[in-house]
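**Student:** So you can see what is in the structure, the chains are spelled out below.
2 protein chains.
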Amino acid sequence: MDTNRMMSLAALVKARNVGKANPELMIALCRDAIARNDGRIRAFAHVAPSSGSQAHAIQTGAPLAGVAIGIKDIFDTFDQPTSYGSAAYESYQPRVDAAIVDLARRQGATIIGKTATTEFAFFKPAQTVNPHNHAHTPGGSSSGSAAAVAAGMIPAAIGTQTGGSVVRPAAFCGVTGFKPSFRLLPTTGMKHFAPSLDTVGLFAAGVEDVAMLAALLTGRDLALSAGEPPVDPAGIRVGLYRCKELETADPAMRAALDKAADKAADAGFDVGEIGEPEALAQARDAHSAIQNHEAGLTCGPDLARYRDLLSPILIQAIENGQAISPSDYDTARRHAKRGRGTTRALFSEVDILLTPAAPGAAPRGLETTGDPRFNKLWTLMGTPAINIPGFADDTGMPLGIQAVARFGQDKRLLRVAAMLETAFRT
Amino acid sequence: MDTNRMMSLAALVKARNVGKANPELMIALCRDAIARNDGRIRAFAHVAPSSGSQAHAIQTGAPLAGVAIGIKDIFDTFDQPTSYGSAAYESYQPRVDAAIVDLARRQGATIIGKTATTEFAFFKPAQTVNPHNHAHTPGGSSSGSAAAVAAGMIPAAIGTQTGGSVVRPAAFCGVTGFKPSFRLLPTTGMKHFAPSLDTVGLFAAGVEDVAMLAALLTGRDLALSAGEPPVDPAGIRVGLYRCKELETADPAMRAALDKAADKAADAGFDVGEIGEPEALAQARDAHSAIQNHEAGLTCGPDLARYRDLLSPILIQAIENGQAISPSDYDTARRHAKRGRGTTRALFSEVDILLTPAAPGAAPRGLETTGDPRFNKLWTLMGTPAINIPGFADDTGMPLGIQAVARFGQDKRLLRVAAMLETAFRT
Chain P
1 MDTNRMMSLA ALVKARNVGK ANPELMIALC RDAIARNDGR IRAFAHVAPS SGSQAHAIQT
61 GAPLAGVAIG IKDIFDTFDQ PTSYGSAAYE SYQPRVDAAI VDLARRQGAT IIGKTATTEF
121 AFFKPAQTVN PHNHAHTPGG SSSGSAAAVA AGMIPAAIGT QTGGSVVRPA AFCGVTGFKP
181 SFRLLPTTGM KHFAPSLDTV GLFAAGVEDV AMLAALLTGR DLALSAGEPP VDPAGIRVGL
241 YRCKELETAD PAMRAALDKA ADKAADAGFD VGEIGEPEAL AQARDAHSAI QNHEAGLTCG
301 PDLARYRDLL SPILIQAIEN GQAISPSDYD TARRHAKRGR GTTRALFSEV DILLTPAAPG
361 AAPRGLETTG DPRFNKLWTL MGTPAINIPG FADDTGMPLG IQAVARFGQD KRLLRVAAML
421 ETAFRT
Chain L
1 MDTNRMMSLA ALVKARNVGK ANPELMIALC RDAIARNDGR IRAFAHVAPS SGSQAHAIQT
61 GAPLAGVAIG IKDIFDTFDQ PTSYGSAAYE SYQPRVDAAI VDLARRQGAT IIGKTATTEF
121 AFFKPAQTVN PHNHAHTPGG SSSGSAAAVA AGMIPAAIGT QTGGSVVRPA AFCGVTGFKP
181 SFRLLPTTGM KHFAPSLDTV GLFAAGVEDV AMLAALLTGR DLALSAGEPP VDPAGIRVGL
241 YRCKELETAD PAMRAALDKA ADKAADAGFD VGEIGEPEAL AQARDAHSAI QNHEAGLTCG
301 PDLARYRDLL SPILIQAIEN GQAISPSDYD TARRHAKRGR GTTRALFSEV DILLTPAAPG
361 AAPRGLETTG DPRFNKLWTL MGTPAINIPG FADDTGMPLG IQAVARFGQD KRLLRVAAML
421 ETAFRT
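So the protein lines, in turn, are chains P and L. Counting in my numbering, the first sequence runs from 1 upward without gaps. Counting in my numbering, the second sequence runs from 1 upward without gaps.
The following block holds chain P by itself, in its conformation from the complex (with noise of 0.2 Å):
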């Protein structure tokens, strides 16, 4: 276990601000952690070198300087190789960053290096070990964000999901993963695998951190301000989500899921049941078609090129998305159309849904990812979800709790967690 001292963002940013920590001190603590503990967790493909080049240099004064972020390797970076965890990209060197990686640098961040991701951010497991087990996936795609984070090395990560790559990683490593509306944040320069899926997520030790860093990459009214005036939760109707996926869940989940409700409840929350409409399900099962069509046309350049190069699995996920009719794909664009109308009637009735962040805990053995069936609906959706820690398994493994809420109030959805993050501690 090598997640007893997680970093936060916000608190290392305040200390900056009233001077109790310096920007060349705060990526030096980052290089050491990294030097000491990445050999074991494996969560970087790649570690920028301290040089003094003018891309590392620390900008005083800048909301984030001093502030070490890690980019899933499926982000193109200037100045550090990318190789899209993919033999066929092996010491490829983009001219120019991602439009993500350019927004972190505008705000000072130091772009300390690039975090392992399963090949094209699809299922072949990265190196990374989970930081609770090194026996234990730490999820994927996004392996190596949500590991730095948890194993202390950084307080801030960048990744993405397209099924459950952001939410199911966090919960599997006990960390907060965001996972944003749809496009609240650019995708230009990740490798693509599925554009109407892609969708850029964050990682961080907290709710607070995760959200302070969606503020100051987007500029929008996302920090959790104590100057706001509180949310009453008695206002906030909080809905279990009653799937049919939650029969599939491990007890252990369950059972977290429904101390979640409790101490949700005693926190003051509206909470109830909801069932999962006909048509949700109908837009959870569109999605492999909706991905792998895409996947077909937007990987299709590759396996032309590099097949030799490519593991099985992702050649198999090509082809079968080649071979998916167009008027297969439009009707499961349908579904998700209608799916969305569906979720927007759903919050209607409800603010918040709790669901399992995963099946359970990080499954043993580093061969899968695990499986993100509680995730994909809400990526196809596009409504923002988070994953809050605070459970574990009898072996002391993580299980987190997924919340999500309407497309486009990211907003309410971080500042729900974060009380329900400190309801869950208690």
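Hint data in this document are derived by calculation from the structure and do not stem from the laboratory. These numbers come from a predicted model, not from an experiment. Backbone N, C-alpha and C define an ideal beta-carbon position, used for all residues, glycine too. Worth double-checking, as some hints may not be accurate.
[Unchecked claim] Pairs of lysine-lysine residues, derived as DSSO-like cross-links and limited to a Cα-Cα distance of at most 27 Å, are as follows: (1) P/K337 with P/K263; (2) L/K244 with L/K263; (3) P/K411 with L/K337; (4) L/K244 with L/K337; (5) P/K259 with P/K337; (6) L/K337 with L/K411; (7) L/K411 with P/K337; (8) P/K337 with L/K337; (9) L/K411 with L/K14.
[To be verified] Distance ranges between label pairs, derived from CB positions: (10) L/G39 with P/A28: 41 to 49 Å; (11) L/G275 with P/A234: 48 to 56 Å; (12) P/A234 with L/S348: 43 to 51 Å.
We have chain P; now place chain L onto it with these hints.
**Tutor:** Below, chain L alone, put in the same frame as chain P:
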């Protein structure tokens, strides 16, 4: 005037299918036409070497065997340099093709070269001239794609439209330019400018040609097949779209639009006039904020790295975009969303809208590429739109009529456009 002998893709394919043309000769014909004409037209940023490399081998029996396609140099190609019209990407060589290029190759097309684009598909002109009069702009941003088809060098080309970059140059060059419904063709591997607007489009001599190409690239039922029951024009409501901008069009263009309406009526269509709903005027005004805010994000990394190599007009656009607040962007998106609802309602009253494809014929001079004000609303709405040639001003420069249909009604638009194409010529 170098436009006497446009090549028809459909005619070439039919000749090939009955043994009257062979693929090698078809490609050689295009190479010869490029060698003879492109010194004057400058439609190509790069022409593929004719070496016998595997990438250029002709797949006999494939649907597009022998069909030479020009690719706007805003798309990646693994075997040809890709410069995005920018000094910042001079001699850049991508690893893999853009998705649309891969689709064309999978159908057996020969990627004969990269067609000139304005810088990043924005407003700084390429060197291309208008084949109808070399002192006039070919339009932009897909300048080379339109000019290469117009000058009879190739039977088809691929472009993109974020404002009016397919329909406008097609109109200026007197070719068919088809901007399909948003996301009908994949954008992965293009240099994005504003991802929620960037749309891949097709250029060819006539409507049957773009329809055949669209069908082959997508696997969708889009070809104009002689076997189908004919469209009864009396059942098609064609609306002359009386937007406010119409008053700002050149007199020659307004006369051409009136003639187009008369000829459509003569051909038996149910022709009327339709006013512009206020929500659509507002949506058109929202296009700039959406485009520029997204360009600020998307091209921010280029500005950070390559400021010295970008043009002043592009730098200003990116910086203006970065200054647009998220709330102004959100307001613009709300206007766009309301506009889409209004567009759906509009297309319950009418099947096809007719508008100018541009304010007039191609302006004299190569310093600008003309104005997209008649195109950008439909790019934002995601509706299919097509330029239908057939008229000219008193100097003989082409005047194009734009036809627009409901989102997803690409087949209907193509069928009606083919009938209007005939009607305009009689």
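**Student:** Now tell me if each hint is right for this structure.
**Tutor:** To see whether the hints hold, each was checked on the structure:
The suggested pairing of P/K337 with P/K263 is violated, with an alpha-carbon distance near 34 Å, which exceeds 27 Å. The suggested pairing of L/K244 with L/K263 holds, with an alpha-carbon distance near 23 Å, which does not exceed 27 Å. With a C-alpha separation of about 21 Å, the suggested pair P/K411 and L/K337 falls inside the 27 Å cut-off, and the hint holds. A hinted pair counts as satisfied when its Cα atoms are at most 27 Å apart, and L/K244 with L/K337 qualifies at roughly 21 Å.
Distance hint between P/K259 and P/K337 is unfulfilled; the C-alpha atoms sit about 33 Å from each other, more than 27 Å. Proposed proximity of L/K337 and L/K411 is supported: the alpha carbons are some 24 Å apart, at most 27 Å. Proximity of L/K411 to P/K337 is assessed by CA-CA distance (about 21 Å); at most 27 Å being required, the pair is judged to hold. Straight-line distance between C-alpha atoms of P/K337 and L/K337 comes to about 15 Å, which keeps the hinted pair within the 27 Å bound.
Taking the CA atoms of L/K411 and L/K14, the gap is about 21 Å. The hint holds against a cut of 27 Å. Checked against the given bound of 41 to 49 Å, the beta carbons of L/G39 and P/A28, roughly 60 Å apart, lie outside it. In this structure, L/G275 and P/A234 meet the distance hint of 48 to 56 Å, their C-beta atoms being roughly 50 Å apart. At about 45 Å, the beta-carbon gap between P/A234 and L/S348 stays in the expected band of 43 to 51 Å.
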